[in-house]
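*Asks:* So the chains spell out like this:
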Amino acid sequence: GAVVSQHPSRVICKSGTSVKIECRSLDFQATTMFWYRQFPKQSLMLMATSNEGSKATYEQGVEKDKFLINHASLTLSTLTVTSAHPEDSSFYICSARDLVAGANTGELFFGEGSRLTVL
Amino acid sequence: AQSVTQLDSHVSVSEGTPVLLRCNYSSSYSPSLFWYVQHPNKGLQLLLKYTSAATLVKGINGFEAEFKKSETSFHLTKPSAHMSDAAEYFCVVSFQGGKLIFGQGTELSVKP
Chain W
1 GAVVSQHPSR
11 VICKSGTSVK
21 IECRSLDFQA
31 TTMFWYRQFP
41 KQSLMLMATS
51 NEGSKATYEQ
61 GVEKDKFLIN
71 HASLTLSTLT
81 VTSAHPEDSS
91 FYICSARDLV
101 AGANTGELFF
111 GEGSRLTVL
Chain S
1001 AQSVTQLDSH
1011 VSVSEGTPVL
1021 LRCNYSSSYS
1031 PSLFWYVQHP
1041 NKGLQLLLKY
1051 TSAATLVKGI
1061 NGFEAEFKKS
1071 ETSFHLTKPS
1081 AHMSDAAEYF
1091 CVVSFQGGKL
1101 IFGQGTELSV
1111 KP
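Heads up: the protein sequence lines correspond to chains W and S, in order.
In terms of our numbering, the first sequence has 97 at position 97, counting the first letter as 1, and numbering is strictly consecutive.
One rule links them: number in our numbering = place in the second sequence (from 1) + 1000.
No lab work stands behind these hints, which were simulated from the structure alone.
Take these hints with a grain of salt, some might be off.
Below 27 Å or equal to it, Euclidean Cα-Cα: the simulated BS3-like pairs (lysine-lysine) are [stated by the list, open to error]:
# : chain 1 : residue 1 : chain 2 : residue 2
1 : W       : Lys20     : S       : Lys1099
2 : W       : Lys64     : S       : Lys1049
3 : S       : Lys1049   : S       : Lys1068
4 : S       : Lys1099   : W       : Lys66
5 : W       : Lys55     : W       : Lys66
6 : W       : Lys41     : S       : Lys1111
7 : S       : Lys1042   : W       : Lys20
What follows is a set of in silico ranges between Cβ atoms, one per label pair, in the way DEER data are often shown [as the list claims (entries may be wrong)]:
#  : chain 1 : residue 1 : chain 2 : residue 2 : range
8  : W       : Thr117    : S       : Glu1107   : 32 to 40 Å
9  : W       : His7      : S       : Ser1070   : 41 to 49 Å
10 : S       : Ser1003   : W       : Ser89     : 23 to 31 Å
11 : W       : Glu63     : S       : Lys1069   : 27 to 35 Å
12 : W       : Lys66     : S       : Asn1041   : 18 to 26 Å
13 : W       : Met45     : S       : Ser1109   : 18 to 26 Å
14 : S       : Leu1007   : W       : Glu63     : 27 to 35 Å
15 : S       : Leu1007   : W       : Arg115    : 25 to 33 Å
16 : S       : Ser1030   : W       : Thr57     : 23 to 31 Å
17 : W       : Glu52     : S       : Ala1053   : 47 to 55 Å
18 : S       : Leu1007   : W       : Glu59     : 22 to 30 Å
19 : W       : Leu119    : S       : Ser1030   : 41 to 49 Å
By construction, the Cβ of each residue, glycine as well, lies at the ideal position given by its N, Cα and C atoms.
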């Protein structure tokens, strides 16, 4: 099946610094990628929809200046957590839909997730 | 409006016994429905999907789910649990634009 790779899998940073997380579709093209946030023992919360070549669409309550999303190519989307604070510590997961395989079914392929810890 | 409800936050079974994880949905359209599994600190893996073809869907690792429109349900089952099945399971509804709505998740524990 299609593979989505996230990097880094774990990152620890100091409060006030910025952290970039990459999401790559390895063997397919994705015009749309999605970024989720997951708190411990909770479900995934959609943060934003990343569209290749255009601005991301953020869900209500998600600060666009805090969580910068760039989707520069059909295989790469990045999430940058700016001026990170301890409350930003979370598990961030990206997903992408294969233009061919998933187009009619809505199936998304998920990355392995990135664990962010802000000290 | 679309929504999905997983009726149990935690299910515990003994190894070798059947598994039933319940999911009900609400959708104005014909939905696509999925079950995903998440192991600790990992991303999500697709178990199976329903996309308006056969109502009984077979997935990986012996799991299957039946779409019942009259009951608006999509329960996940497995005849015999294995220790490696212990994980978090999410029932998911897909609607236009590719957005997914996630259920709250059900944690499956498997006792030896």
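*Asks:* State for each hint whether it applies.
*Replies:* Hints versus structure:
1. Restraint check for W:Lys20 and S:Lys1099: the C-alpha separation of about 23 Å stays at or below 27 Å, so the hint holds.
2. As the CA atoms of W:Lys64 and S:Lys1049 are separated by approximately 32 Å, the hinted pair breaks the 27 Å bound.
3. As the CA atoms of S:Lys1049 and S:Lys1068 are separated by approximately 14 Å, the hinted pair is consistent with the 27 Å bound.
4. Our distance criterion of 27 Å between C-alpha atoms is met by S:Lys1099 and W:Lys66, whose separation comes to about 22 Å.
5. The straight-line distance between the Cα atoms of W:Lys55 and W:Lys66 is roughly 15 Å, inside the 27 Å bound, and the hint therefore holds.
6. Distance check on the hinted pair: W:Lys41 and S:Lys1111 sit about 20 Å apart at the alpha-carbon level, within 27 Å; holds.
7. For the proposed pair S:Lys1042 and W:Lys20, the alpha carbon gap of about 19 Å is at most 27 Å, so the pair holds.
8. With their beta carbons about 23 Å apart, W:Thr117 and S:Glu1107 fall outside the hinted range of 32 to 40 Å.
9. Hint check: W:His7 to S:Ser1070, Cβ distance near 45 Å, so the stated range 41 to 49 Å holds.
10. Distance hint for S:Ser1003 and W:Ser89: a CB-CB separation of about 28 Å, consistent with the stated range 23 to 31 Å.
11. For W:Glu63 paired with S:Lys1069, a C-beta distance near 40 Å fails the hint of 27 to 35 Å.
12. Between W:Lys66 and S:Asn1041, the C-beta spacing of about 24 Å keeps the proposed range 18 to 26 Å intact.
13. Here the CB-CB span from W:Met45 to S:Ser1109 is close to 24 Å, well matched to the stated 18 to 26 Å.
14. Checked against the given bound of 27 to 35 Å, the beta carbons of S:Leu1007 and W:Glu63, roughly 34 Å apart, stay inside it.
15. Remark: the range hint 25 to 33 Å for S:Leu1007 to W:Arg115 is upheld by a beta-carbon distance near 29 Å.
16. The supplied range of 23 to 31 Å is met by S:Ser1030 and W:Thr57, whose beta-carbon atoms lie about 24 Å from each other.
17. Evaluation of the 47 to 55 Å hint for W:Glu52 and S:Ala1053 yields a failure: the beta carbon distance comes to about 30 Å.
18. Our hint of 22 to 30 Å for S:Leu1007 and W:Glu59 holds, since their Cβ atoms are close to 26 Å apart.
19. With their beta carbons about 48 Å apart, W:Leu119 and S:Ser1030 fall inside the hinted range of 41 to 49 Å.
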